[in-house]
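Position 600 of the sequence shown, counting from 1, maps to 1165 under our numbering, and the rest follow consecutively.
Just so you know, these hints were derived from the structure itself, not from any lab.
In this text the structure is predicted, and so the values were computed from the model without any measurement.
The reader is advised that the hints may include incorrect statements.
DSS-like mimics (lysine-lysine), calculated; alpha carbons at most 27 Å apart, straight line [stated by the list, open to error]:
| id | residue 1 | residue 2 |
| --- | --- | --- |
| 1 | 726 | 768 |
| 2 | 897 | 976 |
| 3 | 1082 | 1040 |
| 4 | 1040 | 877 |
| 5 | 1385 | 1082 |
| 6 | 938 | 877 |
| 7 | 1340 | 1300 |
| 8 | 976 | 938 |
| 9 | 605 | 617 |
| 10 | 897 | 870 |
| 11 | 605 | 687 |
| 12 | 938 | 897 |
| 13 | 1168 | 1158 |
| 14 | 976 | 870 |
| 15 | 605 | 661 |
| 16 | 1040 | 976 |
| 17 | 877 | 902 |
| 18 | 897 | 877 |
| 19 | 1408 | 1082 |
| 20 | 726 | 687 |
| 21 | 1340 | 1385 |
| 22 | 1408 | 1158 |
| 23 | 617 | 726 |
| 24 | 661 | 617 |
| 25 | 1040 | 938 |
| 26 | 687 | 661 |
| 27 | 1168 | 1408 |
| 28 | 1385 | 1408 |
Computed spacing ranges between beta-carbons, pair by pair [to be verified]:
| id | residue 1 | residue 2 | range |
| --- | --- | --- | --- |
| 29 | 884 | 1155 | 24 to 34 Å |
| 30 | 1091 | 1342 | 40 to 50 Å |
| 31 | 998 | 952 | 46 to 56 Å |
| 32 | 1295 | 1343 | 31 to 41 Å |
| 33 | 659 | 754 | 16 to 26 Å |
| 34 | 863 | 990 | 35 to 45 Å |
| 35 | 1063 | 1210 | 54 to 64 Å |
Glycine included, every Cβ here is placed at the ideal spot set by N, Cα and C.
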Amino acid sequence: MAIFSIERSQIGPRRLSLSRLTAWIFGFDYFISYPWSDGKCYATTLAYHLRKQGFECFLDSDDVAKGDNWRVIVNFALRRTSRLLVICSPSVVDSKAVAREVDVFLRTRRRIIPIDFGTTLKNASRNIRLRQLIDESVVSICENVAAITNGPSENVIVDLKDSFDLVRKAKRRERILAATVLIFFLLAAASLVGFWSAETRLKESLSRGLAARSEIESARQMDLALLLAAEANRIRSTTSSRSGLLNVIERAPVKQYLHGEAAVGVVAVSPNDPEFMVSGHWNGTLTAWNLATGEILASVSATEKREATAFKPAISFSADGTRLASNGDDDKVLLWKVSETGLELHRVLSIGLGRTVREIMYLDNRRILVAMKSDGSTLTLVDLETGDHEDLPDAHRETPSAIVVDDFGRKVVTAGSDHRIVLWNLTSSSLQRRTTYDAGEWVLDVDFDPSSTYLIAGLERTGVLLLDTETGNNKKIDRLGGGRVFAVAFASQHDGSLGFVWAGDDGVGDYQFEDAKVRRWPIHLDAVLDLAWEPGQRLVVTAGRDGKVAVLDLRRHAAISTHVATFDPSHEITASVLRPGKRYQLLGDETGKLHVFDLDAGKLLGSVDAHDGRILDIVYCEETSLAVSVGDDDAIRWWTLDGTVLSTWGSAIPSVGTIDHLAIAPRLRAVIALVNDGTVWRVTQSKLHNRNNGQLFLMDSNQPRVFAAHPTEPWIVASKGSEMIAFDWKRGTEKWRVELDEFVRATEIDVEGGTILVARGLSIELRSAHNGEVKARFPTGRIPVQVLRVAGASGLVAAIHFDSSLTLWDLEDQTQIGSKLPAHEVIQAGFGGRGSALLTLEKVDGINRYLFRRWVTDHVTWERMARQVANRTLSEVEMRSFDVRR
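Can you build the whole structure from these sequences, using the hints too?
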């Protein structure tokens, strides 16, 4: 404070009493300004009486000693005074000192109280400086002129005391009010914090509950499960909500749900437009859909019955996709024109009285085969050009429930509840029965394989029957879960192998012949009555009794992944690295070739002979735009990528032994090499260098080695067996060293979190980058981890296990997100987009063929995907049932 700049001699010994010292520190109540010529006596007496009342007054005659710098002291006192008393004796109009003190005090915006003797101030000329400073509206205390020599009257002392007490009471009230407001504010803040904390706990509890319910509902009603998982993540994003989202999205490859008003009995996709689909409903409605947008193009009625609730629909597209045949009331067949805008009724055929149309199939563009319910012939061939009807021989004892034509238009198969499967030859004029097979039970659907040699049949009780039409050999596949199989279709798998998709009481699934693997997707709340297979886009469209149509995309192994490219190098890939920019992948194989693969274009740009023997490791330095490789020949080579051409920029062949791994600190332009004898070296294009002739440190164990370099600071962490060291390679000093009780399988530095991830045994440890101490440890399951990748911004960790499976982890909660991702033989993984995407390199079915896939890891995107797939919102009943609030 300024008071401490005033020396003791300036204050004087008399003024060092406690009250005076307090006044100098905390301020004066009154500063008395007066003209020396005629106001000193009055001012001195006034100060005496005010001090007796307990006020601290500043009076220059008392508080300024000889030799003091009075301007400094007066200015300091004025700034620390509550009230200025101006003694307006007759000579005040000529006092420059009083005018100056008033001028200084005005800047504090505090109260000025003039004591006017007679009308000295009131009648003063406007040219007088003091009159200009003190506004006319300021209320003065009037005093008799005789008081100049007699001292202040009692009324003046009382007025000053009452005035100050009034102000002190107002201030006291202000302080009480301020304290009350502060208390209420603190209470409100505490309540707000408590409310926020309670609300947070409530949201977390509700989020966890909805995530758990989504897991339960995913076993029977997928669209509801998707919406519950999305709501859980919207209410509060937690590990549980993200895991629930991931699991429910991955549970079935549903591309989109389409919602109708009544049970769906049949679906068909146009043969010339895979985005055009028609569904037949049990209320007699036909609905045309755009599969790309989920938009309803048209909705028409196939029956004239006003209250049709159990109308079994049957539909079939013509070979060119321009016509659609459907059943109508009784023996009617309706022919519809198909256009981009929907369906238009073109023609109505009456097949015959006393019979009801149950199934329809276009044999070609001009003929349809109709299955009838009657006591006589059950199959009728109709020529649409001539209108002729031909009743076929009585091949079935009851009405057929399935009719299929092969892809070549040469064979037809019919099947029904009489247990018979009848194979027909399709001629230019008619159908000729070829062979009849006994399935032993009701056949609900049939389909030809692409070669027209094999048939699969959906059965009422025991799953699916696989039938060889050439030999008659058959095999029942009964591992589909039980119940009726209403629909089947041959479907090629992602790798080109053959399998089939099926639908029935137990949902929808697929079966792979190669490994007899069954996948089951409970995507409907009720039985699935039909499916349509679109081979071009590998879509499966299902018809549910629950009124929903589900569009499944079997091209995707996983709903959150996208196939980027396939690479077939003919040799095993032994090392790879993704160039920054996330477009070019550099891959090294077992023959020493280095490949450049363009992920955007999905093609190989070029290859060079990089090493003699396999390539052991590749790293990339963003700062220098150089790639560095090491091979079995112990050579380290630097590479530039000019456009699409790899060129050698430099090489080094150090005589230090076999180099196992490389690490790079990109911003520091340093390459660190780990040699199989346990030594660690720093490498340049021409030599090993740094302390000890380039050797940084030695690890004595002969166990497996892993290490990682910090990207921005000059230190690395390395482990050999159960020993782990952090080393500053620029200073040549060891940061820390720890002994572990298990071998380290993988390590990675998390720059954002300031931790080191260590995979050893069946757990991942988070260790401090400062001293190596364990901060957290969490289990990773029954399969050890061999590779770790960290996305610092999002706090995600991707772990590749020893069985080549892939899992995601949340670093903050040390919890796995979802189940294992449906990836196969993962070789490499790396994050991009600040952790929002993960690129994986996977080996295809154990052969030297590789698949690049991009995985979405952003939970906000997962939530949006879930809502898009469900294609609806929660109903009011569902919201109340699950306590969901908007």
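Status of each hint after checking the structure:
Restraint check for residue 726 and residue 768: not satisfied, since their Cα atoms lie roughly 61 Å apart, outside the 27 Å limit. Restraint check: the Cα-Cα separation between residue 897 and residue 976 comes to about 26 Å, which is no more than 27 Å; the hinted pair holds. Distance check on the hinted pair: residue 1082 and residue 1040 sit about 16 Å apart at the alpha-carbon level, within 27 Å; holds. Under the criterion of a C-alpha separation no larger than 27 Å, the hint pairing residue 1040 with residue 877 is inconsistent with the structure, at around 31 Å.
For the suggested pair residue 1385 and residue 1082, the alpha carbons sit about 18 Å apart, so the restraint of at most 27 Å is met. The straight-line distance between the Cα atoms of residue 938 and residue 877 is roughly 12 Å, inside the 27 Å bound, and the hint therefore holds. For a cut-off of 27 Å, the pair hint linking residue 1340 to residue 1300 stands: about 17 Å separates their Cα positions. At most 27 Å may separate the alpha-carbon atoms for a hinted pair to count; residue 976 and residue 938 meet this at roughly 23 Å.
A C-alpha spacing of about 18 Å is found between residue 605 and residue 617, which places the hinted pair at or below 27 Å, so the restraint holds. About 13 Å separates the Cα atoms of residue 897 and residue 870, which keeps this hinted pair within 27 Å; it holds. Simply put, residue 605 and residue 687 have alpha-carbon atoms about 21 Å apart, close enough for the 27 Å limit, and the pair holds. Between residue 938 and residue 897 the CA atoms are separated by roughly 12 Å; this keeps the pair inside 27 Å, and the hint holds.
With a C-alpha separation of about 16 Å, the suggested pair residue 1168 and residue 1158 falls inside the 27 Å cut-off, and the hint holds. Taking the CA atoms of residue 976 and residue 870, the gap is near 36 Å; set against the 27 Å cutoff, the hint is violated. The hinted pair formed by residue 605 and residue 661 meets the criterion: a straight-line CA distance of about 15 Å does not exceed 27 Å. With a CA separation close to 21 Å, the supplied pair residue 1040 and residue 976 stays within the 27 Å bound.
Proposed proximity of residue 877 and residue 902 is supported: the alpha carbons are some 21 Å apart, at most 27 Å. The straight-line distance between the Cα atoms of residue 897 and residue 877 is roughly 13 Å, inside the 27 Å bound, and the hint therefore holds. Proposed proximity of residue 1408 and residue 1082 is supported: the alpha carbons are some 19 Å apart, at most 27 Å. Using a Cα cut-off of 27 Å, the hinted pair residue 726 and residue 687 holds, with the two alpha carbons roughly 23 Å apart.
Restraint check for residue 1340 and residue 1385: satisfied, since their Cα atoms lie roughly 25 Å apart, inside the 27 Å limit. As the CA atoms of residue 1408 and residue 1158 are separated by approximately 18 Å, the hinted pair is consistent with the 27 Å bound. The straight-line distance between the Cα atoms of residue 617 and residue 726 is roughly 11 Å, inside the 27 Å bound, and the hint therefore holds. Pair hint residue 661 plus residue 617 does not hold up; C-alpha atoms about 30 Å apart against a cutoff of 27 Å.
Among the hinted pairs, residue 1040 with residue 938 is inconsistent with the structure: their alpha-carbon atoms are about 30 Å apart, more than 27 Å. Restraint check: the Cα-Cα separation between residue 687 and residue 661 comes to about 18 Å, which is no more than 27 Å; the hinted pair holds. The suggested pairing of residue 1168 with residue 1408 holds, with an alpha-carbon distance near 17 Å, which does not exceed 27 Å. A distance of roughly 17 Å separates the Cα atoms of residue 1385 and residue 1408; the hinted pair therefore holds under the 27 Å criterion.
Distance hint check for residue 884 and residue 1155: the Cβ-Cβ separation is about 50 Å, which falls outside the suggested range of 24 to 34 Å. Distance hint for residue 1091 and residue 1342: a CB-CB separation of about 46 Å, consistent with the stated range 40 to 50 Å. A hinted range of 46 to 56 Å for the beta carbons of residue 998 and residue 952 is inconsistent with their spacing of about 24 Å. The given range of 31 to 41 Å is respected by residue 1295 and residue 1343, whose C-beta atoms sit roughly 33 Å from each other.
The hinted window of 16 to 26 Å between residue 659 and residue 754 is violated, with their beta carbons roughly 58 Å apart. Range check, residue 863 to residue 990: about 37 Å between beta-carbon atoms, so the 35 to 45 Å window is met. For the hinted restraint 54 to 64 Å between residue 1063 and residue 1210, the CB-CB distance of approximately 42 Å leaves it violated.
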